[in-house]
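There are 2 protein chains.
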Amino acid sequence: MLKPGDWIGILGGGQLARMMVLAAAPLGLKCHIYAPKGDNPAFDVAADFTEAAYDDEAALATFAASVSVVTYEFENIPARTAEILAARVPVFPAPEALQKTQDRWVEKSFIRDLGLSVPEFRAVSSLADLETAVDALGRPSVLKTRRFGYDGKGQAMIGPETDLAEAWARVGEAPSILEGFVPFEKEVSVVAARTATGAFVAYDVCENQHKHHILDKTLLPAQISAETAARAKEAARAIGDALSYIGVFAVEFFIVGAGSNERLLVNEIAPRVHNSGHWTLGGAETSQFEQHIRAVAGWPLGSVRRLGQIEMTNLIGDDVDHWRDLVATPGLYVSLYGKAEARPGRKMGHVTRVIRPDA
Amino acid sequence: MLKPGDWIGILGGGQLARMMVLAAAPLGLKCHIYAPKGDNPAFDVAADFTEAAYDDEAALATFAASVSVVTYEFENIPARTAEILAARVPVFPAPEALQKTQDRWVEKSFIRDLGLSVPEFRAVSSLADLETAVDALGRPSVLKTRRFGYDGKGQAMIGPETDLAEAWARVGEAPSILEGFVPFEKEVSVVAARTATGAFVAYDVCENQHKHHILDKTLLPAQISAETAARAKEAARAIGDALSYIGVFAVEFFIVGAGSNERLLVNEIAPRVHNSGHWTLGGAETSQFEQHIRAVAGWPLGSVRRLGQIEMTNLIGDDVDHWRDLVATPGLYVSLYGKAEARPGRKMGHVTRVIRPDA
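Chains A and B, in that order, are what the protein sequence lines are.
Here the first sequence is numbered in the working numbering, starting from 11 and rising by one per residue.
Here the second sequence is numbered in the working numbering, starting from 11 and rising by one per residue.
If you're looking for bench data, these hints aren't it; they were derived computationally from the structure.
Hints may be right or wrong, so weigh each one.
Copies of the same chain look alike in the list, so a pair counts if it works inside one copy or between any two.
Mimicking DSSO-like on lysine-lysine, the simulated pairs with C-alpha atoms at most 30 Å apart in a straight line are [stated by the list, open to error]:
id: 1; residue 1: Lys196; residue 2: Lys13
id: 2; residue 1: Lys196; residue 2: Lys47
id: 3; residue 1: Lys13; residue 2: Lys227
id: 4; residue 1: Lys47; residue 2: Lys243
id: 5; residue 1: Lys13; residue 2: Lys221
id: 6; residue 1: Lys110; residue 2: Lys227
Just so it is clear, the structure is predicted and the values come from calculations on it, not from any experiment.
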């Protein structure tokens, strides 16, 4: 159990790390950020930072020696980096939990083996595999690389007319999976936290709307049945327990069918604080960032109480140019990430509107 | 008007500066702290800091050149420091506003001249003055140094048996005032914010309970009439306007009488974010720290909406040793200041309980 004044190491210097640092400070915990050269807005608020490559073994060892525990803001930690750190200091969530989510085939197999529903999928290692898989799952379907895909990168839609060789080229001929098309009604997620002693909390299920494969809005409460919402939280708990997970994670689901036919399919697990949990800053009694810090520090988890109806909107690229209007909107919770350049598609901030029950 | 990415300079490296930095970050504003060598917990979260004396003219000039505006966490800025900075960069609140509050005699005269009630007071520059003043105001009364007193330091109670020469020695024979005893029912304060364009907001009046001259608890709503509460806010507005004040300030009042005889006496003005506004972190839609940053940045002020019944408790000295229980209390907002050593009487953190209207 960490005590106030202790140090937490965080791999990655982006907005997720930054919001973790801002949550750790009121708990009296200090953060040391480790990130390669680049635009690292988390450096601005961290008590210490190291700018070095993830394969710089000497820098990693020095970093590990300076902190009581290490966590990270992104799941694609190189295995060797995790190994060097884990030999010296506790790393939460454990690298073994990450391995289950770094490869889509491993992840979907793991989820299916827990008895949870996932979209149909096939491993694809060659153009011939892809042809066989498309014969089995039909069109439309989606080809996704097994590793390192996010926000729609490393994906190819297989439509009625898609040339399979072109699709295979589009994912770089990398080991992939083909996923059957899911005619979903909506996308929802559960953001949850789990501690080393198995304590578990889940925020209310949220509904996510995407634009160009990037999260645009998160809305709560999700327009799903109470039964479906309870099943989604149970699924998150089963996944957290099976991974012996420590920290915050998100489980994304597709909702198919409606009314009494409403069903959940697990889309993916994000083993970190998650964009669909950003509403908890200002919208819940404890933010997901504070929960994550509490979990990795070995502290009790906080209240997940939601403070009203929620609408969280991401500020992507030049959306952030509207900051004057946003900061002038009464009661709007504004969070800007301090990034130097507003490139198209880049997450620059978010805003959360909380409609309180007594309003 | 500052824009995201711009720099705010803050004089002072304690908890107030630290909480300002944590409020500035989500607005995309970076902070540069200037403070002398010492325990400066604000350094841990600031994007930059300078450790130098307040009379180091070269360091002050370099600091001024690095920021778009300067503010401070404490009111006793040496005049020469303020002058050096103000010649180079806007300083908010303006040093002229500070001058009115740095000397108790000047402050009380200023407040009285606005038509507001203050306790009776006399200037005391010698033991003979003190004897004359005690004859006029009677016993009990309180001798207070004109400058640099806080949390009960630089004060001497004049009781029925007090030897006046001893009392005069106790305040170091420094220029002082004698204040008539006020048989107050309670102490309340108004925390307010004002912008360069005269926009003004005030949080709800709060009731303050002290222990050993240090704030112990802040409670809202204050148990006073709606009329008295409205008059307290009007008084704060009149003071802010008269000072052309920019930023957050607090006005402390004594409540005397009860029922239809309830009256307000202004005790003092604190030209900075104030301990009796700490409840706004977690207890209001916008914290006092964010309001202050908004005001000095030239941004619109935020909502002062209160989110429930409030009980804020300071953690003084070894109170902070109970952190394990505090962080385990569901829904309690915990703020630890990251100070190295828990000396007796030192403010180490605070906790806020918010009882929401729908609970």
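Okay, the hints, checked on the actual structure:
{"no.": "1", "hint": "Lys196 <-> Lys13", "verdict": "neither (42 Å within a copy, 37 Å between copies)"}
{"no.": "2", "hint": "Lys196 <-> Lys47", "verdict": "neither (38 Å within a copy, 56 Å between copies)"}
{"no.": "3", "hint": "Lys13 <-> Lys227", "verdict": "between (36 Å within a copy, 25 Å between copies)"}
{"no.": "4", "hint": "Lys47 <-> Lys243", "verdict": "neither (38 Å within a copy, 50 Å between copies)"}
{"no.": "5", "hint": "Lys13 <-> Lys221", "verdict": "between (42 Å within a copy, 27 Å between copies)"}
{"no.": "6", "hint": "Lys110 <-> Lys227", "verdict": "within (28 Å within a copy, 49 Å between copies)"}
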